[in-house]
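Below, each chain spelled out in residue letters.
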Amino acid sequence: MTATAAAGGALEATEPAAVRLTGVTKSFDKGGVPVLDGIDLSVAPGEFVCLLGASGCGKSTLLNLVAGLDPASSGTIELPGTGARPGHAALMFQESALFPWLTAGRNIELALKLRGVRGRDERRREAQRLLDIVRLGSAYDKRVHELSGGMRQRVALARSLAQQAGVLLMDEPFAALDAITRDVLHEELVKLWEETQLTVLFVTHNVREAARLGQRIILLSSRPGRIAREWRVEIPQPRRIEDADVTTLTREITAELHKEISRHGN
Amino acid sequence: MATEVADAITPEPEAAYTTLEAGLDALETGGAARKPWWRRVLLAKIVPPIAAIGVLLLIWDLLVVAQIKPAYVLPGPADVWDELNAEWTQYQMNEAVWNSVSRGIIGFAISVVVGTVIGMSIARVPVLRAAVQPILSGLQSLPSVAWVPIGIMWFGVTPATIYTVVLLGAIPSVTIGLIDGVDQIPPIYTRVGRNLGARGLNSARYVLFPAVLPGYVSGLKQGWAFSWRSLMAAELIAVSPHLGPGVGQAMAEAGDNNDMAMAFGVLIIILVIGIGINAVFFAPIERRLLRSRGLAGA
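Residue numbers (my numbering), protein chains in the order written: chain A, 18 to 283; chain B, -15 to 282.
Don't read these hints as lab results, they were simulated from the structure.
Simulated crosslink set (DSS-like; lysine-lysine; CA at most 27 Å straight-line):
(1) B:K205 / B:K29
(2) A:K159 / B:K19
(3) B:K19 / B:K29
(4) B:K29 / A:K159
FRET-style restraints, in silico, Cβ to Cβ:
(5) A:D260 / B:K19: 44 to 50 Å
(6) B:I169 / A:R280: 35 to 41 Å
(7) B:P110 / A:R257: 47 to 53 Å
(8) A:I197 / B:A115: 51 to 57 Å
(9) A:N223 / B:A114: 40 to 46 Å
(10) A:H222 / B:V97: 45 to 51 Å
(11) B:L185 / A:H222: 34 to 40 Å
(12) B:F193 / A:I197: 34 to 40 Å
Idealized CB from N, CA, C, for every residue including glycine.
Can you build the whole structure from these sequences, using the hints too?
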């Protein structure tokens, strides 16, 4: 049930991958402790991987590197890709980060426009279709501030889909939501992932959430961020957050995480 | 469509969570319906200030009726009104108002262009900003009336003097508003923009410009206030037949004539023009901007 990344590293390089990191290191100040240190990670096309760690483990930094928003200090990041736009990854944040000067529908239209979709009507139709997928078809003309937190994240999800990136990077997207809304969005995300064959790299500090969602869970150590352990989750979807299997796995990972954090107290 | 496909696979849980989701959506967005426009605008925005003005006029009139000062020191509202009516042509008030408003608007328009160009060129260059920002803040706190004697010595009593004073008063506000607007862009917007593929011109057009707009508009609003104030200061001092009538000049003339009622009348005209242009142009734009972003009540 468990495997280390190091053992499979050489083999994985030849397997098809949607995201491949080799020896990725990131430090913000020279000479200081790197935020990320020698990360080797390969995510298969269509795989759902959760990155788990305490604060300061550089999990958000890692996503920013994969998204191309920051350069790595050393190592290589590849997005060979299987989707319509290889080399591209859509990024979703904890706050919805929708543009408040646009309506829900227009936010998605902008993503389509920047992707290069020509024709106002074409974009409008596609935006409507994407909103329908997250069941917010009637919210097309709603302003961002008129939507609840959960609805904003669904619009943000639809906007990510508009990017047709093949790889979806999610940075604690549900951390600010209440438990009921989060449950619903877990369900929604897994459905969407199954239907669209997206590759998902999902960052969270919530162990239970990782156990609920991931096919593979990667635990990062803090300062420097390294891959500490890895779990392959065999529990079939649809899972529920209160399932016994999910709870057992949560306990196991939490124990590991606590050990990891306690190291810093000594 | 996607729902139908998924329904076929797992009818039970799917139905359960979609209804749960629909319930959450309804509960979390069930806000009150928007009030009718006359209640939003008329009762909330227009009636209170008019009532306040009424109260002020009443207090003013009561002070006059109480005769705490003689009428030539503190004329009443009725005296001011009569004087304005009687002396309107004598003071060439039609031309004065027209000249002043057009000078104010031309000066403001030039300030917007210059201030925006300066702001755009220094906002994203830290060294330039560090160099120019203290000067701008200093200029903004410098009363623009201080430029009038210098302007007169440079250009004589000419429109050039007037516009110099107006520009030096208004440009810093416009520039500072723009720079503040750029500072206030949440970094997450530019990151999202980049992830969506907005770079260079696209990033400026679809992300930076709309994000900057509220700060920029409030800078414009302040720029107008400074334009108008500076213009009045300049007109009050720079009085000459070459320059022709202006509201400030009318005020100077009233002072020379020791005409207290007229001086009050001109003061009110200056106020009305300044407030009126703000109410007609800037306030509605600002209100719309803020409301569409959920930043203002009502």
